[in-house]
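> Those protein sequence lines, which keep their order, are chains A and B. Per our numbering, the first sequence runs over residues 1 to 117. Per our numbering, the second sequence runs over residues 1 to 141.
Incorrect hints may appear among the rest.
Unchecked claim - Quick partial rundown of chain A residues pointing at chain B, CB under 8 Å, derived from the structure:
1) 56
2) 58
3) 75
4) 76
5) 78
6) 81
What the hints assert, rightly or not - Under 8 Å between C-beta atoms, here's a sample of chain B residues computed to sit facing chain A:
7) 27
8) 30
9) 31
10) 37
11) 129
12) 136
Don't read these hints as lab results, they were simulated from the structure. Positions of the beta carbon are idealized from the N, C-alpha and C atoms, including for glycine.
So you can see what is in the structure, the chains are spelled out below.
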Amino acid sequence: MRVLGLFNYWIFIFLMMVGFYTLISRGNLVKKIVGLNIFQTSVFILYISMGKVRGGTAPILMEGDAVYSNPLPHVLILTAIVVGVATTALGLSLVVRIKEAYGTIEEDEIQAEDLRL
Amino acid sequence: MEDRVILRVGAKILIPHILLFALYVQFHGDYGPGGGFQAGVIFASAFILYALIYGLAHAKRVLPLGFASFCAALGVVIYAGVGVATLLKGGVFLEYGVLRHDPVHGQELGILLVELGVFTTVFGSMVAFFYSFTGRRKSRS
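Just chain B, same shape as in the assembly (with noise of 0.2 Å):
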């Protein structure tokens, strides 16, 4: 893809706003249609794009595949961690309301803690796939 002008500047253009948006759906996802699935799916498609516009190598600088499968992982921690937060705090696992003073305070931070979790978690494992599925042909030969 190295002569395609046109793909490379449109893609260069799309990548930051589907970055952005991918950040909207994540913050507006308590009150509107949205949150962690959908977030950290648009954010794994922008480095999915960026991987088939620039090719495979240029995308594994950015994003090596270890760090997707950390994430992957790390989504799962952040996830549980609120919960343990929550029992330590004197709750039952995943009640958010005792993590502030404020019962509403307390949900509005769990929850968006939770979907930070999911997020993290869906975006490493769709760039693991994509990057297991596209960088396969190439490590068999």
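In isolation and in its complexed conformation, chain A is listed as follows (with noise of 0.2 Å):
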């Protein structure tokens, strides 16, 4: 029951399996671009999920004393989702450029149009 008990683990590394394969074996740029929020969004879970404390509430003033959740890694995680959308945002600015040089956003066309030069 351990292996079902560390199920947060379980969820990151296949994300992290997915975005990676998605990353890898896609020759669409705008996929590749998918893929690799789907790569950010398994360390995210990875982290945020470390972060709870059982029977935490939030890490707020009040009296006496009180379980909370840990909350350096979500301040963390909430800075990388905001670093992951200006990343997407420019990969996909990027993507733009390209398509507009280029005729399109296949790589393998975008190598054969720059061995063709």
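Got two chains here, separate frames each, mind docking them using the hints?
Okay, structure coming up:
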């Protein structure tokens, strides 16, 4: 039952492998960015689920002692999510420019175009 | 999308609820899951839905690109302004406790204002991203 108890790690591994496979197996640049996003999400899930404390509340000021979830991974991942959005926007804008320059977003066609020139 | 009655009516029903949910996430953020980032994205998604259904030109009449960019900058000013306000009140940068006489109330107010700044920035930049990507094809030709 230990295996089931650690199911957040299984979800993390599954999502990471799905994202990684999408990233290396697809030639379409937009699909690559989607894969990169799934990869990022797996890391977010790993960190956020590690910060959860059973029975813990939000880390805010209150009277007496209280069990609270570890806020550090959450804040770390909040930053990571914002960085992820920024990298996604940057990647998509690069894809738009590549599409305008080459007329395609398939990697092999871009390489063929490069070799032809 | 002029003739898609179901989409148009469905969007009209959905958009106010999305906006309301974004505000719920915003103001509930200090006690539950939520906060400025999530609320900003949800709030922006309502405008993106509007642009998808009714067209970019209509969406830009409701919320011009310049205003979205202004929002993105305004949020940073709000965030930094709270920090400067705490400095002026005799605390350190972003020490919310000094905003009110009671530190707990001060923290509540500080978090709310900072989250408002985050909300404005995220909302503005999300809408600006969407406008820049979707409006590109028309501007090029």
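> Give a verdict on every hint.
For each hint, the structure was consulted:
1. With its C-beta approaching chain B no nearer than about 13 Å, residue 56/A sits outside the 8 Å limit, and its interface hint is violated.
2. Taken as an interface hint, residue 58/A checks out: its beta carbon lies about 6 Å from the nearest beta carbon of chain B, inside 8 Å.
3. Given hint, residue 75/A at the interface with chain B, is violated; its Cβ is 11 Å from that chain's nearest Cβ, farther than 8 Å.
4. A distance limit of 8 Å between C-beta atoms decides the matter here; for residue 76/A the minimum to chain B is near 13 Å, and the interface restraint is violated.
5. Hint on residue 78/A holds. Least Cβ distance to chain B is approximately 6 Å, under the 8 Å limit.
6. Hint status for residue 81/A: holds, given a least beta-carbon distance of 7 Å to chain B, under 8 Å.
7. A cut of 8 Å between beta carbons decides the hint on residue 27/B: the least distance to chain A is about 14 Å, and the hint is violated.
8. Against a cut-off of 8 Å between C-beta atoms, the interface hint on residue 30/B holds, since the closest Cβ of chain A lies about 7 Å away.
9. Proximity of residue 31/B to chain A holds as hinted, the smallest CB-CB distance being about 6 Å (cut-off 8 Å).
10. For the restraint placing residue 37/B at the interface with chain A, the shortest Cβ-Cβ distance is roughly 6 Å, inside the 8 Å limit, so the hint holds.
11. Given the 8 Å rule on beta carbons, the hint for residue 129/B holds: about 5 Å separates it from the nearest Cβ of chain A.
12. Contact between residue 136/B and chain A, as hinted, is supported at the beta carbon level, the nearest pair being about 6 Å apart and thus within 8 Å.
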